[in-house]
Amino acid sequence: MADALRVEGVAKRFGALTALQDVNLHVGRGEVLGLLGDNGAGKSTLIKVICGFHRPDAGRILVDGIEVVLRSVDHARSLGIDTVYQDLALVNELSVYHNMFLNREHRIGPLLNNRLMRRLAEEHLREMGVDIPDVTVEAAKLSGGQRQAIAVARSVYSAARILLLDEPLAAMGAKEATIILDLVADLKARGDVAIVIIAHNYAQALQVCDRVAILQQGRITFDRPTAETSVAELTDLMVADYRGRRRAAPG
Amino acid sequence: MSVVVDKPRGPALARRAWTGFIRRREASVLVVAIALVVYFQASTPLFLTTDNLRNIAQATAPTAIVAVGIVFLLVSGEIDISVGMVAALAPYLMHYAIDFYGVPAVPAIVLALLIAAGIGLVNGLITTRLKVPSFVTTLGMFYLLYGILLTTSRAYPVAVPASAKGDVQTWLGAGDWASLSWCLLLVVFFHLVLTRTRWGLHTISVGGNILGATEAGIRVNRVKVGNFMLVSTLGAFAGLMEAFRINSIDPNIGGGTRITFTAIAAAVIGGTALAGGSGTVIGALLGMFVLAVLQNGFNLVGVSANPFFLIQGLAILVSMIANQYLSRLRRAGGS
Numbered sequence: 001m002a003d004a005l006r007v008e009g010v011a012k013r014f015g016a017l018t019a020l021q022d023v024n025l026h027v028g029r030g031e032v033l034g035l036l037g038d039n040g041a042g043k044s045t046l047i048k049v050i051c052g053f054h055r056p057d058a059g060r061i062l063v064d065g066i067e068v069v070l071r072s073v074d075h076a077r078s079l080g081i082d083t084v085y086q087d088l089a090l091v092n093e094l095s096v097y098h099n100m101f102l103n104r105e106h107r108i109g110p111l112l113n114n115r116l117m118r119r120l121a122e123e124h125l126r127e128m129g130v131d132i133p134d135v136t137v138e139a140a141k142l143s144g145g146q147r148q149a150i151a152v153a154r155s156v157y158s159a160a161r162i163l164l165l166d167e168p169l170a171a172m173g174a175k176e177a178t179i180i181l182d183l184v185a186d187l188k189a190r191g192d193v194a195i196v197i198i199a200h201n202y203a204q205a206l207q208v209c210d211r212v213a214i215l216q217q218g219r220i221t222f223d224r225p226t227a228e229t230s231v232a233e234l235t236d237l238m239v240a241d242y243r244g245r246r247r248a249a250p251g
Numbered sequence: 001m002s003v004v005v006d007k008p009r010g011p012a013l014a015r016r017a018w019t020g021f022i023r024r025r026e027a028s029v030l031v032v033a034i035a036l037v038v039y040f041q042a043s044t045p046l047f048l049t050t051d052n053l054r055n056i057a058q059a060t061a062p063t064a065i066v067a068v069g070i071v072f073l074l075v076s077g078e079i080d081i082s083v084g085m086v087a088a089l090a091p092y093l094m095h096y097a098i099d100f101y102g103v104p105a106v107p108a109i110v111l112a113l114l115i116a117a118g119i120g121l122v123n124g125l126i127t128t129r130l131k132v133p134s135f136v137t138t139l140g141m142f143y144l145l146y147g148i149l150l151t152t153s154r155a156y157p158v159a160v161p162a163s164a165k166g167d168v169q170t171w172l173g174a175g176d177w178a179s180l181s182w183c184l185l186l187v188v189f190f191h192l193v194l195t196r197t198r199w200g201l202h203t204i205s206v207g208g209n210i211l212g213a214t215e216a217g218i219r220v221n222r223v224k225v226g227n228f229m230l231v232s233t234l235g236a237f238a239g240l241m242e243a244f245r246i247n248s249i250d251p252n253i254g255g256g257t258r259i260t261f262t263a264i265a266a267a268v269i270g271g272t273a274l275a276g277g278s279g280t281v282i283g284a285l286l287g288m289f290v291l292a293v294l295q296n297g298f299n300l301v302g303v304s305a306n307p308f309f310l311i312q313g314l315a316i317l318v319s320m321i322a323n324q325y326l327s328r329l330r331r332a333g334g335s
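Protein chains in written order, with UniProt numbering: chain A, 1 to 251; chain B, 1 to 335.
Note that these hints are calculated values from the structure, not bench results.
Any given hint might turn out to be false.
[Said to hold, decoys possible] Sample of chain B residues facing chain A (criterion: CB under 8 Å; computed from the structure):
(1) 43
(2) 51
(3) 204
(4) 208
(5) 216
(6) 217
(7) 300
[Stated by the list, open to error] Derived Cβ-Cβ restraints for the label pairs, each shown as a range:
(8) 136/B with 123/A: 46 to 56 Å
(9) 108/A with 156/B: 47 to 57 Å
(10) 123/A with 175/B: 23 to 33 Å
(11) 37/B with 185/A: 34 to 44 Å
(12) 108/A with 147/B: 44 to 54 Å
(13) 178/A with 274/B: 53 to 63 Å
[Unchecked claim] Here chain B is said to cover these stretches of chain A; the calculated rule only asks that three of the stretch's residues, wherever they fall, bring their Cβ under 8 Å from a Cβ of chain B:
(14) 89-96
(15) 100-109
All residues carry an ideal CB built from backbone N, CA and C; glycine is no exception.
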């Protein structure tokens, strides 16, 4: 069976700066790929290429084995590729259920069908194991973990088949991170969503990912199943890269 | 075995009612409005008479209608300070169309409203496409419209055109309760738009988290431009209504910036955040009512009109502080 997402030879330059060069990676349905790398390694650029925000200068992207040219974020979304950004997706002033259905509202004529959206939000969050006692509360009252969980649930509800999570665990405590890790584990168990997680915490990445890939200076330098690596190895690789760059730097 | 479910008893019920009340953004301004009515009625028996209530209604209605539009624009994270000048220009546009081009009254009124919407469109496009802050865009538009108004009218007031008198004039402002009726109709309608429709939800989203709204696929510029058009159209309607009420087309309708600043004050006193993302139409109406009651009440009890602006300034500051405090209470106790 073809991979849900395959990136082949992708390059991206911004003027003189080469952000990505010859990047290859793949992820299948029910698989979680952890994408690791230092700041400036090109992780966010790669995510923006996959979600249709940037056009690659070279290479190709295949969804379910079919090559696609992503024209925009909306186009990528229509193909089932959705991105959840770190704690930025929700509108604080809106209720949980309005956030869940933002721009996909159910209506009766011109009026919002709040009752239906409330019920569907409760059902969907319950199915996904997201514990929100009251979907009518404003998003501002939720914890960081709950907000991120709702953003993920919203993407899944909107039929995302390839989910890109941009540092979903950043600035979260252990308890809050657990909410997201459990959610990702549940999604993995469903088997119909391919997930790419950008992570900084190697231990958390290894806990939930099936494979990890390391992006260094715009290239994938490591891609291996989590069972065949360890936190110590990943740390050594990152440190070695850092020391190598320091030695190579002028002066 | 039966299961007994405890119903909330007296104190619990009262606490729940109190929590529900403070969760409403209009709560503080409603308390102030009631207190002012009680105070002025105790001070003078003239306050709650039909004649005086009509005076308050006529003074409140046009600015409250502008405030409705201002709420939408503030909630979407922008501001329009040219709307008062649109209010002054619209009756002249009607007058030019009728008296210089022979357009019948109703199409002339519609034309004035459409041109006002076009002014809002220009404000919106400059702000969203050219990235000029809306304060600066509409400041420029204010002076531009002022110049057009004074140049074309030569700063002279004119009478309402004969073909616009009669039923049209009565229905659109001259009737005793016409202003208030239009105002209440528009307030109810736009309250529903803001709280119960997709447009309202997207307006809140754009002002609350523009990045999140963009990522959700909302066309944020379209929402902002639409709200610029809305506030200009409502401003023009308020200006026409006022011209019909006073039976004269005057370049000083709205007193230059007065109608704009009073409408913004009403919106802010009513709980609308200048930073965008939250606000209520009902709150703006109550805010306008508070300002009108203050001015009217001072007149009745014989206080000079001079300290009114002092009180208005204090009212804005106190209401902002109260809103901040209530927002914290809402967040702490609401979930």
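Comparing the hints with the structure gives:
1. Interface restraint check: residue 43/B against chain A, minimum CB-CB distance 39 Å, threshold 8 Å, status violated.
2. Residue-level restraint check for residue 51/B is violated (minimum Cβ-Cβ distance to chain A is 39 Å; threshold 8 Å).
3. With a least beta-carbon distance of about 5 Å to chain A, the hint placing residue 204/B at the interface is held under the 8 Å criterion.
4. Restraint check, residue 208/B versus chain A: the minimum CB separation of about 4 Å is within 8 Å; hint holds.
5. At its closest, the beta carbon of residue 216/B sits 4 Å from a beta carbon of chain A; the interface hint therefore holds under the 8 Å criterion.
6. Below 8 Å, beta-carbon pairs count as interface contacts, and residue 217/B has one with chain A at about 5 Å; its hint therefore holds.
7. For residue 300/B, the shortest C-beta to C-beta distance to chain A is roughly 39 Å, which exceeds 8 Å, and the interface hint is violated.
8. Distance hint check: the CB atoms of residue 136/B and residue 123/A are about 48 Å apart, consistent with the given range 46 to 56 Å.
9. Taken as a hint, the range 47 to 57 Å holds for the pair residue 108/A and residue 156/B, whose Cβ atoms sit roughly 52 Å apart.
10. At about 52 Å, the CB distance of residue 123/A to residue 175/B disagrees with the hint of 23 to 33 Å.
11. At about 59 Å, the CB distance of residue 37/B to residue 185/A disagrees with the hint of 34 to 44 Å.
12. A C-beta distance of roughly 48 Å is found between residue 108/A and residue 147/B, which places it inside the suggested range of 44 to 54 Å.
13. Judged by the Cβ atoms, the range 53 to 63 Å given for residue 178/A and residue 274/B is violated: they are separated by roughly 39 Å.
14. Chain B is given as covering the stretch 89-96 of chain A, and this holds because 6 residues of the stretch bring a CB closer than 8 Å to a CB of that chain, at least three being needed.
15. Against chain B, the stretch 100-109 of chain A contributes 4 residues with a C-beta closer than 8 Å to a partner C-beta. That satisfies the three-residue criterion, and the hint holds.
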